[in-house]
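Asker: These are the residues of each chain, in order.
There are 2 protein chains.
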Amino acid sequence: MALKFRTVDGSVCAPIGFKAATVYSGIRKAERDDLTLIVSDVPAVAAGVFTTNQVHAWCIKHNRERLAVGNDQIRAIICNAGNANCCNGEIGRQNDLEIEAAISAHLRDVNPKNRAVLTASTGVIGRKLPMEKVNSALSTLCARLERSEARAKEAAAAIMTTDLVPKALALEFDVNGAPVRVGAIAKGSGMIAPNMATMLAFITTDLAISSSVLEPILRRVVAKSFNCLTVDGDTSTNDMVLVLANGASNVSSEDSHASFEEALLYICQELAKKVARDGEGATKLVTVRLLNPPQFGEKIAKTIAESPLVKTACFGNDPNWGRILVAAGYSGVQFDPQQLVIRLAGHEVFVRGEPTAFDPNQVRSAMKTEDLIIELEFLSADAGAAAREAIQCWTCDFSYDYVRINASYGT
Amino acid sequence: MALKFRTVDGSVCAPIGFKAATVYSGIRKAERDDLTLIVSDVPAVAAGVFTTNQVHAWCIKHNRERLAVGNDQIRAIICNAGNANCCNGEIGRQNDLEIEAAISAHLRDVNPKNRAVLTASTGVIGRKLPMEKVNSALSTLCARLERSEARAKEAAAAIMTTDLVPKALALEFDVNGAPVRVGAIAKGSGMIAPNMATMLAFITTDLAISSSVLEPILRRVVAKSFNCLTVDGDTSTNDMVLVLANGASNVSSEDSHASFEEALLYICQELAKKVARDGEGATKLVTVRLLNPPQFGEKIAKTIAESPLVKTACFGNDPNWGRILVAAGYSGVQFDPQQLVIRLAGHEVFVRGEPTAFDPNQVRSAMKTEDLIIELEFLSADAGAAAREAIQCWTCDFSYDYVRINASYGT
Chain A
1 MALKFRTVDG SVCAPIGFKA ATVYSGIRKA ERDDLTLIVS DVPAVAAGVF
51 TTNQVHAWCI KHNRERLAVG NDQIRAIICN AGNANCCNGE IGRQNDLEIE
101 AAISAHLRDV NPKNRAVLTA STGVIGRKLP MEKVNSALST LCARLERSEA
151 RAKEAAAAIM TTDLVPKALA LEFDVNGAPV RVGAIAKGSG MIAPNMATML
201 AFITTDLAIS SSVLEPILRR VVAKSFNCLT VDGDTSTNDM VLVLANGASN
251 VSSEDSHASF EEALLYICQE LAKKVARDGE GATKLVTVRL LNPPQFGEKI
301 AKTIAESPLV KTACFGNDPN WGRILVAAGY SGVQFDPQQL VIRLAGHEVF
351 VRGEPTAFDP NQVRSAMKTE DLIIELEFLS ADAGAAAREA IQCWTCDFSY
401 DYVRINASYG T
Chain B
1 MALKFRTVDG SVCAPIGFKA ATVYSGIRKA ERDDLTLIVS DVPAVAAGVF
51 TTNQVHAWCI KHNRERLAVG NDQIRAIICN AGNANCCNGE IGRQNDLEIE
101 AAISAHLRDV NPKNRAVLTA STGVIGRKLP MEKVNSALST LCARLERSEA
151 RAKEAAAAIM TTDLVPKALA LEFDVNGAPV RVGAIAKGSG MIAPNMATML
201 AFITTDLAIS SSVLEPILRR VVAKSFNCLT VDGDTSTNDM VLVLANGASN
251 VSSEDSHASF EEALLYICQE LAKKVARDGE GATKLVTVRL LNPPQFGEKI
301 AKTIAESPLV KTACFGNDPN WGRILVAAGY SGVQFDPQQL VIRLAGHEVF
351 VRGEPTAFDP NQVRSAMKTE DLIIELEFLS ADAGAAAREA IQCWTCDFSY
401 DYVRINASYG T
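Chains as they are written, first to last, in my numbering: chain A, 1 to 411; chain B, 1 to 411.
Among the clues, some could well be false.
Said to hold, decoys possible - From the structure, some residues in chain B lie toward chain A, with a derived Cβ separation under 10 Å:
1. Ala101
2. Ala328
3. Tyr400
Source of the hints: derived by calculation from the structure; they are not laboratory data.
Note that this is a predicted model, so its numbers are computed, not measured.
Even for Gly, the Cβ is constructed at its ideal location relative to N, Cα and C.
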């Protein structure tokens, strides 16, 4: 299937009317930019999806409040890296609000009554923000705002914590001849903590779309992208996906919605895969794909993707179909092993209740790839039945480095 | 609280009327005994608890059928190590029944109609049993049967796969002056597979007890012992706990039930801890203890115990309270972090929503122990309320060796 969209440069600055800036304030020890600001020239519609962890940071509360009812007055996202601003007492809430107020004041044309600034944090939990440093960096940050590829690149890098590579993407598609753009940056490489944690994605678009349309599109897309991603099964206190839609393309037709959803899904799936591939200590992206899955098949895919035994086998290029089958078996989802086929890196290793006579060395060689696919096909008793939609889930392998990074973090 | 029982030697042979034997048949490559037989001189009441994994071995099916209705005619447990007899087609079922028939025949006084032999397997899944070798070893096995400490020791060793140490225990307690004994052997060191997997426990007692009393006691005990054990969250195809009660002590009074349950709980908890301590690559036993836990607190304890981030922090002696809090937070169980205290190796690190001013080096030193306790206390809003019963869960840390063992298993 040909894609209906093309990639463009600039990530969050690719859509019209979005600027970005970064600065080093001193939140993190290493002298790497740690504050990132994304601003829309005009008030934007916003939607968000947030961590379900009941222990969560002030920024999660902050954004949930601002987005509780469809909000079309959002102007900015401010993100700090190095401090999660979480579990640090009432002072954390005050600091979060202070930052919003300061950004509103610096941007001048932002009405503070609109509660127009969203916040995000990622880093160590339980620590207080160095507010003096943050405050004195904010005017420089705002002064640097620019719509440029360079700024977008700096933004993708400044939100990183333990990530090894920046994650960014932008697409353009046409609606009745008029171009619309969607851009995004993301971070996350396994919840290397709460200490240095968190999956963040910030998405901008110049499509004109109402909050009541944007919100369900984002939910559907996240369900098929970031929510299909698991590095170690841990859910951070600060995870969030935010979308700002500022309407600057002047495209507002209903025709645009399907293309937009398709583009957003592509972007979010690509970013999710980038996050998995950059998982702590990862040597490969592992895709668990279920063909013709039973009801609640997502749970089978996730249980396989989260099994430490499956993940260490992927690291060791071990064609260990048994571990995959066993994880499926304890997922809690009903299926018949007698109607199951398991393929490892394209090789059938288990068919209808029994292993095939596969050559272990051949499969082992095939598993030595940076892009390993574990496929489970659930055969239908009824040959004429239409196949149910496939399910995919992304993770990475489990290596010595995962243990090293996570065991030695505090030292 | 003084224990009402004393430890005795001999594990499964400690109770009157139980014999054991082992032999090397050639199921496993290494020349280590791989068949274990436990026999009661007279028909015994039996009860069992089995894996909930819907993918399971023939022995699980075998025993479930024999124990479906209270069975008081059980004479033997035959266990092989090295082959799980699972996912290997219809031939696996036939072999399983063949072994039962052969044991019945060799023991002579066993009526095959009673379906009196329980089976257990642990090892590689998807492979056929070498039945010629097994059959020719069975008569030697039966000829070796003996009630002795030596045989009991051999049995504890012969059921091991990747375990590093045998796990066995026996207790004696008095009921109105008459002694009753309970003995047990167990194996399991993390589900290093399905390939070399499985938690097995075989328990014998000379108490006279009916199946309708024994069954619920075993369920309660397993819920507070083996079911509080997690090494990597994976549930094997072959897990089982079996109890045989042959009545040879002639103690049958109802007075005995409470003492028996207490002794059984002690044995099963000790064995569960031994399994956790012997987890693959483990350097320490980790106990997650919840004081005054909320409803469904077991889920909080298990989520913490299964978090790879918590387990790597334990390995690295990292006082990372955040990972513990976050795991509790995504367990799905409601609690208020503002009413929570977290203690690591006896040190308070988090109190009512905020970290304490603990000295990381001091806590780090305290964590360098083979017996690490993570304690969460849930404070009551109502100071006068009675504390709810504490919950415990056992696991081990997550080390480089876990990855090494599991990544290189197939090679």
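Asker: Checking against the hints above, which ones are violated?
Answerer: Violated hint: only 1; rest satisfied.
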